[in-house]
Amino acid sequence: MGHAIADNRMLVAGTALVLCVLLFGVVGSMFVSRARADVGAGRPSRPPSFEYLLGTDQQGRDVLANVVLGTPATVKIGLIAGVIGVGAGTVLGVLAGYAGGVSDATIRLVIDVLLTIPNLMVLVVVTSMLTGVSVEGMGLIIAVLAWMWPARTVRSQVLSIRERMYVQVARLNGVSPFGIVVRELLPNLAPFVAASFVGTVAAAILASIGLSALGLGPQNEASLGLTIYWAIFYGALIRQLWWWFLPPIVITVVLFVGLFMMTAGLDRIANPRLRTTV
Amino acid sequence: MTLGYVARRVGVFFLVVFFAVSINFLIPRLRPTNPIAARMYEFAASGAGRAGDFRELIAIYNEKFGLDKPLWQQYITYWGDVLRFDLGTSISFYPGLVRDEIMRAAPWTIGLLAVSTLLAFTIGSLLGALLAWPRTGRVFSIFVPLLMTLSAIPYYLLGLVLVYLFALVWPVLPSSSAYTSGARLTLSWPMVVDILRHAILPAASIILAVIGFWGLGMRAMMITTMGEDYMIMAQAKGLRGRTIFFDYALRNALLPQVTGLAISLAGIMSGAILVEIVFGYPGIGFLLYRAISSNDYFVIQGVVFFVILSVGLALLILDLVYPLLDPRIQFRRS
Amino acid sequence: MTRLTFLISRGLKWRILAPSLCTSVLLAAAAITPAAVAAPSAAQPREVARNDTLIVSGFGPGLTEIQDPGNMNPYSLGSLGRVRDILNKTIYEFLYLYNHNTGEEIPWLAESYTVAPDLQSVDVTLRNGVEWSDGQPFTSDDVKFTLELLRDTPSLVFASDIKEWVRDVTVSDPQHFRINLNKPNARFFYFYFVENSEIHLPIVPRHVWQGQDPATFTNLDIAAGWPVGTGPYKLVDASAQQQLFDRNDNWWAAKTGFQNLPKPLRVIFMQPGAADTAAARTINNEFDAGAVMQPGVFEAARARNPNITSWNTQGPSWGAPDACLYTLGLNTRWGPMADLRVRRAVQHSINRQSMVDLAYESATVPQVIPFSTYGGLAAYQNQLTDLLDSYKPDDPDPAKVASDMQEAGYSRDSAGFWAKDSARITTDLLTPGWLKPMGPVLEKQLRDNGFDVTFKLFDPDTQPFFDIVRAGNANIWIIVHCGSSREPYGTLQHFHSRFASPAQGQLNSYLWANSQYMNPEYDAIINQMDAIQPSPTDAQYMDLTRKATNIFLRDVVEMTLAEERHVVTFNNTYWTGWMNSSNAYAAPYSLWAPFLLSLLRLEPGPGA
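Chains as they are written, first to last, in the working numbering: chain E, 1 to 278; chain U, 1001 to 1334; chain W, 2001 to 2608.
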């Protein structure tokens, strides 16, 4: 397994990119003073200079500080939604796949129905109805529509694992269903759950940036989407204040490319057939 | 295709509709905000400042729009309206009809979305297949990282970057809306060109964002297909490269891609909504955004219902058609 | 894992390519269908050249499509938008027009009006020769019909206002009538018939409206010539994309010589779309007037197209006032702000100039009393400078904040915030969506001075904001205060106790008067002002103004921050002659009725 990971260039490269972004955000936050990311820290809309490496925005914030502080908030939303979504999805997927029968049919039905709903649209409508969403609140709301894919993936894996030899043996040996789940299923599910997790986190970050960029996200904490919102509000595009709206976009792209590569890499580990390809 | 399969798919569709209607009913009521009062406050905020108190006006329209009855009664009335396809009267546009507005906006979204998705699917799949084929030139291999990067970028961010580059820095394309304002919408050649010109950037945002997904997926499928025994058989038969490529490899690899299309439909719809907002493209997504900004609950409900219904219907059709394309499905248990 | 079985597929590629090709062609056609399904009008409007056409954008940024093009009723639900967007410059004219910049009242459909000494009636003389677009004469009967219709139909907009004030209208002859009021009101005619910026009461033709249900009547039938008005344009086409008005060459004013026919043969109205759209289209010469831009965006647009102008000829404040003032509201009756010393401390915490710089790109001016900078008000404000000098409302100073708070019994707690008896002042700074830029800026200024304030945004739904503020449940909030476009009383009256909530938790009577201030001495002043006409040279009026302003400043009833200004843009490529600060014949807002004056003065521009 260790060889597989080291050989898996996609996974390594992807993880490296994501780590870069996380370091930038988390470690950077320790060195950047909050005051610089506040309004009025500098003169408005100044291009990059020695003092302000990425210039200032129209309300005087230091763009670099703002973006450094905004990255952890954005990632946090993704993590909250990812953990809850994958957690709930795994539990429901195992239940559906292993128990079968009515619970399987019900869960499958709910999954199928919810998957046809464009979740961003519902999120946009729901967040616009609420007054003031916090970072945690947003993570929770996104999680509600994030569990279906993990559940589906886990369920189909459970269905195939359930018929394997070693599971039959365990059952014949009188191991309790719960024991089988914990000892036989979960370890084999691990790569799929990991791939699902990364995918869900990516989708959640995507949703949160989209909502914040529309002005529907948390207002009182810096986040990448909020930076984009203010940039659009003050016409940064037409005024060609590139130092304001490009940094959040670049960080988002790097983060997503990294997450994407991680998912592809984890997919290969989960699905060994793909490993033999170029 | 068994009757059971069809029955299940249709059943899921009806459940989707039921869910959509119920969710729709609940969403505006997440707030204790009275839609009519919200609209009145809109007017007030936009400058009708001295028009005094609206309480009487609100009471009258509450009664007209049925908002003073108990919740369960409103729910039943709502179901009745939905079944009659009466999506209600818009508060903004009283006495205009929500249905009319959706019908005005829908062709724009359908046109943009459908063309972009189809183009992305076709180009992406072809590109992906070529990338997997060993006899393709090395120059194509640059596309793999390119496609990966593109597919990772959210649609609307891509839209913003495209607007910046091609409408502002190098002003070659229009940055917003669907046609030049002031022109009458007629079916004339200059008008068609104008519409197409305005559609290039929004379509490009969607295509570039989605193409990676199809391309890389197709490449993976092709690689799997190429490992099959019948491919060796085809080569042994001495068939031409192109024939093997199209009729044997592509043909078989393409079908699971269609499943991928079905799965990603809801996601593409979401992305299209954001693209429309960025570009001010007057489709369903922008209609929803406007309705949210002006607190027009009836339009919000109508759009959400319409979108969920459309996506559900599209998926149903795809699910029913796919087994016809691929007879192997019949022999697989679900 | 099942193995993929072998499939012979000779010619099968066509089974896939052919249908996908067909589908894409069909769907491409679907992309063009909006052109085909666009609602056709009764008769296709004739061709008019671009340089004879005036294209006006709605006040934006905002929508892309016209809201409900099928309804031209100026009084049903949603109508105020219609009147202000399109009808008040084209179809309907008003008894008077008003130049906000100077305070000049311009007689239009009426020649004169007289307020009775007991303030309970207004005698109005109409101009001779005014005709409806169908040739019928415009008379007092139409006015009587309109006002009594509003009085008697509660579901119409402004019905409650008219019901409150108007008893009836007595007609003495086609050119003379008298409006009889229920209670004395010195300013009734001015508010409802002269200013025409926010309130508009178009007079409707009795011969068309009689027998119609005014709440559902769409007032639209192009073949029949509806909507019928007296204005210089008539509606020829209305769709979701735009509304077209062609010049009515039979306009009564041209016939009688009162005015010349406007030069644009056609006026087209359309919505601006998002902020970027509005700017892009103006740069492209797709809009001639109306699009509102942020100051920085305006400068960037002007750099690309020098024909784009706004109100002021020099920056950074390009925009024009709109009689409203950005205001920090304070709850003078309940909560921590009820203590005058705390309010003074808040006042000493705010740096208005910095707020203007950071929130509004330095594009407006700080103000300390709730009067706009319109010319008519200068005469009043000049007589109040000594009060401003003695109270010094614009004096941000942390030392003074400290002394005020200490006097009130507060001290800084361990986190540096003001607290009394270990209870810290922690509150939300309520901010409605359209005033968003001020939120983060004011929050920072207050926090830096020791107030634990968090800005709370209400967007897009502002109703909860109003519910909280109007019930006296908010401590501090951001809002606009409008009303003093020609006299101080306009805003000063809102601090009368009649506007306060009877008890905390109950809504007050007026949306915009939320200070909850209760002071019988102040009430007495306003009661007297109610009953007299405004004039900067009237000794009694000025004396009352000084007394009221003195109390306002002394008690920090609310904090006026800055004047609200908007950068309304004009594109001089096709049409020129627009109003601006050097040619200030009317306010530049396309939503206000006096905009008609610019239509009448336009000359063709240099062209594209």
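Hints were generated in silico from the structure; no laboratory data involved. Among the hints, erroneous ones may be present.
[Stated by the list, open to error] Cβ-to-Cβ under 8 angstroms is the rule here; a few derived chain E residues that face chain U:
#, residue
1, Phe50
2, Leu53
3, Leu54
4, Leu79
5, Val83
6, Ile84
7, Ser128
8, Leu140
9, Ile209
10, Phe233
11, Val253
12, Met261
[Stated by the list, open to error] Across the chosen pairs, the derived CB separations fall in these ranges:
#, chain 1, residue 1, chain 2, residue 2, range
13, U, Thr1149, W, Val2048, 29 to 37 angstroms
14, E, Ala99, U, Leu1083, 31 to 39 angstroms
15, U, Leu1083, W, Ala2423, 53 to 61 angstroms
16, U, Val1169, E, Ala99, 55 to 63 angstroms
17, E, Arg43, W, Asn2550, 47 to 55 angstroms
18, W, Gly2416, U, Leu1015, 34 to 42 angstroms
19, W, Lys2183, U, Gln1074, 21 to 29 angstroms
20, U, Arg1084, W, Leu2220, 19 to 27 angstroms
21, W, Ser2582, E, Arg43, 24 to 32 angstroms
Values in this document were obtained by computation on a predicted structure and should not be read as measured data. Note that the Cβ used here is the ideal one computed from N, Cα and C, for glycine as well.
Unsatisfied constraints (hint numbers, rising): Violated hints: 1, 2, 3, 4, 5, 6, 8, 10, 13, 17, 18 and 19; rest satisfied.
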